[in-house]
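Enquirer: The residues making up each chain are set out below.
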Amino acid sequence: MKAKIHVTFKEGVLDPQGKAVRNALGSLGFDGIDRVRQGKFIEIDLQENDAEKARSSVKEMCEQLLANTVIENYAIDIIE
Amino acid sequence: MKAKIHVTFKEGVLDPQGKAVRNALGSLGFDGIDRVRQGKFIEIDLQENDAEKARSSVKEMCEQLLANTVIENYAIDIIE
Amino acid sequence: MSKITPEIVKEHGLTEDEYDKVLEIMGREPNITELGIFSVMWSEHCSYKSSKKWLKTLHTEEPWVICGPGENAGIVDIGDGQAAIFKMESHNHPSFIEPFQGAATGVGGIMRDIFTMGARPVANMNALRFGRPDHPKTKHLVNGVVAGIGSYGNCMGVPTVGGECEFDTSYDGNILVNAMTVGVADTEKIFYSAAAGEGYPLVYVGSRTGRDGIHGATMASAEFDDDTDEKRPTVQVGDPFTEKLVLEACLELMATDAIIGIQDMGAAGLTCSTFEMASKGGVGVEMDLDLVPKRAADMTAYELMLSESQERMVMVLKPGREEEARKIFEKWELNFAVVGRLTDTGRLVLKMGGEIVGDLPIDPLAEASPEYDRPWVATSKPAILDAADVPAPNDPCAALKRMIGSPNFAQKRWIWDQYDHMVMGDTVQRPGGDSAVVRVHGTPKGLAITTDCTPRYCYADPFEGGKQVVAEAWRNITAVGAKPLAITDCLNFGNPERPEIMGQFVGCIEGMGEACRTLEFPVVSGNVSFYNETRGEGIRPTPTIGGIGVLTDVAKAVSCAFSAADEDIVLIGETNGHLGRSAYLAEIEGRDEGAPPPVDLAIERRNGDAVRGMIDDGLVSACHDLSDGGVFVALAEMAMAGDMGAAIDAPDTGIALHAWLFGEDQARYLVTSRDAKTVLAKAAEAGVPASIIGRTGSDRLTVGQSLSISVSELKSAHEDWMPNFMSAP
Amino acid sequence: MKAAVIVFPGSNCDRDVQVSIEQSTGKPCAMIWHKETELPELDLIVIPGGFSYGDYLRSGAIAAHSPIMREVKARTDSGVAVLGICNGFHVLTETQLLPGILMRNAGLKFICRDVDLRVETTSSVFTQNYAKDQVIRIPIAHNDGNYFTDPDTLKMLEDEDRVAFRYCDAQGGINEAGNPNGSMSSIAGILNRRRNILGMMPHPERLADQLLGGIDGRPMFDGLVEALVA
Ligand SMILES: Nc1ncnc2c1ncn2[C@@H]1O[C@H](COP(=O)(O)OP(=O)(O)O)[C@@H](O)[C@H]1O
Ligand SMILES: [Mg+2]
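Chains as they are written, first to last, in the working numbering: chain A, 1 to 80; chain B, 1 to 80; chain C, 1 to 729; chain D, 1 to 230.
Think of the hints as simulated: they come from the structure by calculation, not from any bench. You may find that some hints are simply not true.
[What the hints assert, rightly or not] Keeping only pairs whose Cα atoms sit at most 30 Å apart, straight-line, the calculated DSSO-like set for lysine-lysine is: (1) A:LYS40 - D:LYS27; (2) D:LYS35 - C:LYS331; (3) B:LYS53 - A:LYS53; (4) B:LYS53 - A:LYS40; (5) B:LYS4 - C:LYS49; (6) B:LYS53 - B:LYS4; (7) A:LYS59 - B:LYS53; (8) D:LYS2 - A:LYS4; (9) B:LYS4 - C:LYS137; (10) D:LYS109 - C:LYS137; (11) D:LYS109 - B:LYS40; (12) D:LYS155 - A:LYS19.
[Claimed, not checked] Between beta-carbon pairs, the in silico distance windows are: (13) A:SER56 - D:ARG137: 45 to 53 Å; (14) B:LEU28 - C:GLU252: 20 to 28 Å; (15) B:THR69 - D:SER123: 50 to 58 Å; (16) B:ASP50 - D:LYS73: 53 to 61 Å; (17) C:ILE8 - A:SER56: 52 to 60 Å; (18) A:GLY12 - C:ASP290: 47 to 55 Å; (19) B:ASN23 - C:GLU252: 15 to 23 Å.
[Said to hold, decoys possible] Example chain A residues on the side facing chain B (calculated, C-beta under 8 Å, incomplete): (20) GLN38; (21) PHE41; (22) GLU43; (23) ILE76.
Glycine included, every Cβ here is placed at the ideal spot set by N, Cα and C.
Here chain A stands alone, though its shape is the one from the complex (with noise of 0.2 Å):
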């Protein structure tokens, strides 16, 4: 199985690089954007093949590392 992963700053959290992406964006002509947000991609290849268990398990990866849940948040896809 495979996991897709989306790790995202909070809402409240200041996100520089979502920032400086809008204005470099701006910069080149680009108008009518209202906000960009920036996160992580994470995508994992699994031997694991019950997506319960799966998602469990990555659940657990999110928490103890890929995420740091002072500021980010996670969202995980399982997918066949």
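Please build the complex by placing chains B, C and D with the ligands on the supplied structure of chain A, with the hints as guidance.
Expert: Coordinates of chains B, C and D with the ligands only, in the frame set by chain A:
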């Protein structure tokens, strides 16, 4: 509309982040991990209401700024 | 086996004649892997086929040279059983295509060349040349290159202590990224690449081999055309963290006596490194490619041999020491694999899946590597420009301000702030001065390091320009009080198949050679980068010089900053007001004319030796060599660095004031002293012209009664350009 | 004083801080590989700067899980002093020995330069040799030094006098101009509640030798030696 963009290394390009995360997960005792890839996840809130126009403008952003197509691929999802 | 068609040969960058030679050496048609190996071994980048003839004429020996050109880096003795090991290398083409990774892997590559020889890298330098500031790509390239250099050096924990950054339209389509590393080793613990010992194990360590950078060496040997953007060859991604581990593991293993020979994998990866080791040691190699650590299981022999994946090394160990070595690399969490053995066949035999997939004779291939005597035409000597043909500015202070606020003179703090220049705790003189100075760890000694080149001069007169680049590096080292030891060079030129470009190359080499001999400042390592062209437009000839010198007492080093008020300022050397090809002419008049200033090497030597003596005697509180921009710019730089002004007497020399202020006569220095009488006496003793031109003090720089500008006004012009340029949309 | 420096793969200021400590103690300072599971008898543990594991995921995140960190935690509980500099500060926040997190610099660039710091508290073994409100000059060198925490934690840090250093201007003023990386409330270094752990982004070991341009870092090491004489 919202655009969700995933920027990842092309196949064959070294992904040092992914490698480091994989090793770290291994030493935390998570087994059965074949591969980890790490990329960027960018979310853009657009004023544009036409999905086709939004997509083509975001594609332009990716080509010009958000991805370096020498080593990176990008995928765009346009959401309502 | 696939048939090698003329198209395949051409794609591999081999000429018909070269391919005939391949057939002759092989005695049969090569397979694709073998062809690939010939192609990279005989590429310009690896074989130096266009430059070899001329490189041989360089001056490479002095008593303190331990190892000159021919190894991974040059080595000089710095006393007390220690050696400095250093080299500069270009990563121009990859940096243009992918500035961050291109520049980063350039830094990674040059550091590997240094620690391969047993030295701990102690300082990095970078010499950068970009297109004109308003070229649409420039800002993006500056951003990426600087971030890339920083990311690699910072992560390695090696300070980047200096460099250069110039903007010129001739680099619009072809930037230059030249990186230099200096390391320190014990003279008893230097490692070379020659392999020896039949049956001895060949060991691969570091990162796995992936499909990246295949044909990097051939890319570096081809010029860009309009569809470069489309071709987008694979650029390698660097992993500085892994390289830091490779460094520590190698140094740990080097502390034992298990290694016979060691070589990093740079351009042309596994191919070039095994060939070099084998041909230097006069042995054969049998390698089992199944044992090579790979990123993808299905990699072909061709890909494995040609990959330029970073952070990899090969070495030959003493038999029976494999386990000891493996333990060290495993501790550092690195791959370690015995991939082959040395043989007495003189051949490189490659096996995969139990079959022989390549079998090439080592010496014939290396010896037959092409060497061209390319046709060349000498650049015609430009006429000397009379200073009278250069109008005087209405306001010399305004001209000064414009110059020091122009892209090429503006302060480059925006760059060096992104480089950790203090890690390792030995940076005595940080970026911004004439030479960087780093203490040799745990000793009172210091190394002075500089990079220099004046392409304006080299373009106008390659021979005088070639002399000047070496002289300027020598002068910069002298200006901090160090004894110049040796140089490395990075020769960046256009297409050598064009006789006028080859003429620039020959001229520069001859000039450099002469300067190296007279100044006893030999070339111990270097690199040639040809084909720096886009659409037939070559860059200006840019032979970048990296020089090093030694201070026996680093506490005696002086900087260029005015350090106290009421000190005399002494101008050392002869001033004639040479304005041809000067920065003044270029920046203020927009003209690129005349002959560059002539360099009299005997005078250069005499003046520099005198200045160094004065510094060593403790007579000098600040010293700055004169180069671009002449006396006035140098005074401004000393004032800005020390946050202190100076009052300069109106010169009484018969030279037009603007020529006196901005002329670029060579072999000159400005020094400050509390004891100018002794300085003048020492100069007279050595037959060196010297005169007091003014005194330090106040917060303004003034000349005579009428010219005056505040130091803070100069500073803001000087400091603001780069950050403003980089932050402007 | 017995001191040790923890070495992670990618640490690169380990030797620098060892030099500074040995200069102040006149005694050898041990280097401890992160895979060790036991520590010798110690008065001070230093977690040095650098790029542990390349800092590819989040600075300090992977190092925080190294075997030695369990032992470091146990020692802090028994009162041993722990100094985390730069990447060491990251490791301390990731192990939650100190609150908050260090995000990318607001300017998104690596910054290496001397900065002015105001000493906010002298009541710790790390800062006792400085004067309160003293302005000292110490270098920074980091990509991720932008201190962030929630408002309650910030208030707690302030109420408990746990901010050790703030970035300031040359006159000691706390303002945006003196804040190089966007840190919340200009925070450059903080203490734990027990005051035996200091995490700071600036590198005191880099200006503890006159030849390198200054010695404002020296009182920290000298002070530790005085406070921790064993
Ligand atoms: N311009 C030059 N001047 C002096 N030596 C040079 C020059 N160019 C190359 N060399 C020497 O030739 C050898 C091979 O160089 P190179 O292929 O760049 O090294 P590497 O294989 O380590 O990358 C080195 O010893 C280098 O110092
Ligand atoms: Mg090499």
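Enquirer: Check the structure against each numbered hint from earlier and tell me which ones fail, lowest number first.
Expert: Going through the list in order, the structure violates hints 1, 3, 5, 7, 8, 23 and respects the others.
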